[in-house]
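Enquirer: Now for the letters of each chain:
There are 2 protein chains.
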Amino acid sequence: MPLPSPAEIGTALRDVDTPALLIDLDAFERNLRRMAEFATSAGVRLRPHSKTHKSPIIAAKQVSLGAVGVCCQKVSEAEVMVDGGIADVLIANEVAGSAKLDRLARLARRARIAVCVDDPDGVAELEAAATKADVQLQVLVEIDVGGRRCGVLPGAPAARLAERIARSPHLGFAGLQAYYGSAQHVREARDRQTRVAEAVAQVRETQALLAAVGLRAEVVTGAGTGTYENEAASGVFTELQAGSYIFMDADYARNMGGNGEPVDTFEHALFVYATVMSAPAPERLVVDAGLKAFAVDSGMPVPWRLPGGLYHRPSDEHGIIDATASSQRPKRGDKVLLVPGHCDPTVNLHDWYVGVRGLGGAEPSVECLWPVAARGALF
Amino acid sequence: MPLPSPAEIGTALRDVDTPALLIDLDAFERNLRRMAEFATSAGVRLRPHSKTHKSPIIAAKQVSLGAVGVCCQKVSEAEVMVDGGIADVLIANEVAGSAKLDRLARLARRARIAVCVDDPDGVAELEAAATKADVQLQVLVEIDVGGRRCGVLPGAPAARLAERIARSPHLGFAGLQAYYGSAQHVREARDRQTRVAEAVAQVRETQALLAAVGLRAEVVTGAGTGTYENEAASGVFTELQAGSYIFMDADYARNMGGNGEPVDTFEHALFVYATVMSAPAPERLVVDAGLKAFAVDSGMPVPWRLPGGLYHRPSDEHGIIDATASSQRPKRGDKVLLVPGHCDPTVNLHDWYVGVRGLGGAEPSVECLWPVAARGALF
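So the protein lines, in turn, are chains A and B.
The numbering of the first sequence is the numbering used here, which starts it at 1 and goes up by one.
The numbering of the second sequence is the numbering used here, which starts it at 1001 and goes up by one.
Keep in mind that the hints are not guaranteed to be accurate.
Here are the in silico distance ranges between beta carbons for each label pair [said to hold, decoys possible]:
1. A:P120 with B:R1110: 29 to 39 Å
2. A:G85 with B:R1110: 32 to 42 Å
3. B:G1258 with A:P120: 33 to 43 Å
4. B:T1324 with A:E29: 46 to 56 Å
5. A:P282 with B:A1128: 52 to 62 Å
6. B:R1187 with A:D191: 53 to 63 Å
Think of the hints as simulated: they come from the structure by calculation, not from any bench.
Positions of the beta carbon are idealized from the N, C-alpha and C atoms, including for glycine.
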């Protein structure tokens, strides 16, 4: 049971307790529809990453707009998604350790579960867990297309791993995981395109070697909010894993499009709502949201509709807004909206989404409260 | 109800699921005793900050060793502490907003509650909430002794605020909050000493002005793990608020003592336990603990007893250990201990403490499981 929520349905925005994780429902729904329409028009399947939102309620909205299911990063996230009614989950990650593998295999009794592997011992461990649970697991070979994190090398090593999967009685070779994580936040559109082109070449090379041993990667999955258009246009990717598009954090908003302007396909739809709890000086408006309300790994949160306002000097439970360069000057007791630097780990700090409609209007109020059901699902 | 725990009592360390938040109980207990003994010998009261551990179980251990109570940063933390049996809580922070103030005042029916203020309107709001709840609240004036966060200016402005408190029928002027946050991580011992000396001068100046209006700050509270010896020696501080000493993070371990060596009074007692989930190359051991398992605001986690091992490139659920310079080379499936860069926000990411005895020995096992009861208590 999560902590008490910072609001109730119908609460006026100004009365929402802080710090709170706010969704601008209008912008959020536009983001959902835009990506769904893009995937349809591009002829690729959308499997959004649920590590962004950790909510089966949001996952169900994505599925209702055409998504084939979701990605998860952890077995415990997948359990929350299946419990919430999502029937098709790809764990877009390796799973290590017998406790986790047993849970993964048992989950395949209740939903279609696929998982990634990048090591021969990993294949043997998956086969053992699937045998024990008497299930069939779909397995993708993760290839390292340039992200230099997990993944076997493309080409022959990947094909050998696929053969090993195909020979395992309780496993099915389902395809290739070719996610290029470090390409997502490359600022220039042309550079992102170049990197994905390299990834595509490596996928093609691997497909050729798979064909030579009589295998075929039915699924080629990857892409994020920074590069999804490139993968979709590649002709080799069949699934897009983008997740952050639903919320758009301050860091993604720094990516440039082909026109040299910031990409604006998706709108900021996630905010941390904070109160000015002390205002000793214009350069020092102290808000009640710090390192326990935001992740700061990808930069500081950005004050919303407070031009010139700068958030800095976060400590555990405080942050400072310098409003000297702003024409607006929030007072002690006022509440402010802040766009997180990085959505995914920020969401993971909160127990509740507070959904607000009409954020730009005169009297916005709370329309929904959704638990961040997989918050803290680390295993 | 928190998420399932990553272990059970008696689980062998090697079988604890990951990522897990581990306490080395032997080192932790030595840290508890060392600070308790220091406070006793220095003749100051110890009121450890519970924002570090967020656990009434740990708070009770501190009280049993002589602490007078705890500090909290948030009303919701204080509620958890009082629910867990802690009878004396200082909210070492300002509280803004009527919902929080009402909860604060109601809490004073069940425990001795003190709170800070730095604004005349804040005094009026506290008086209104205390009147409504028909309670008496202890109120400290927070003075800005150099940290440049919250706090009224020392001297006359602080004395005027104290008078306003003293005139409020439901409030009692309890003393001064004089915490110098930014001095805690100043590396050189002499520089920390200089800063605290400045704070002490400002406390003395304020005390003189209080005396002139017939008031006295019975409590002068402040200090953290970086400076507690300086405040204790000052003759003006009556209470120490240090919190991190129980766990000691990698950042605090970079502080230097008067001898030019790193301060080693307290031992690392908190770890994130992680599994090598992929090992494509010696420079790239991928562990299953990233931005959702650690806070990285004060630097990366440091591999423990893996000399030359370097943790870097954290992403949401992954981190890379470069072990090329280490004589040990963990393999895929091995588990490693990592010292968090910053304890407080790292603890806030986990639902359970896994307490292990005999960590250096042959067969360490799990002795206790404690919920991080106030995790996510943001309000």
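Enquirer: Would you mind marking each hint as holding or not holding in the structure?
Expert: Here is what the structure says about each hint:
A hinted range of 29 to 39 Å for the beta carbons of P120 of chain A and R1110 of chain B is inconsistent with their spacing of about 59 Å. The hint said 32 to 42 Å for the Cβ distance between G85 of chain A and R1110 of chain B, and at roughly 41 Å that hint holds. Taking 33 to 43 Å as the suggested C-beta distance range, the pair G1258 of chain B and P120 of chain A does not conform, at roughly 55 Å. The beta-carbon spacing between T1324 of chain B and E29 of chain A, approximately 48 Å, falls within the hinted interval of 46 to 56 Å.
Against the hinted window of 52 to 62 Å, the Cβ-Cβ separation of P282 of chain A and A1128 of chain B comes to about 27 Å, which falls outside the hint. Taking 53 to 63 Å as the suggested C-beta distance range, the pair R1187 of chain B and D191 of chain A does not conform, at roughly 38 Å.
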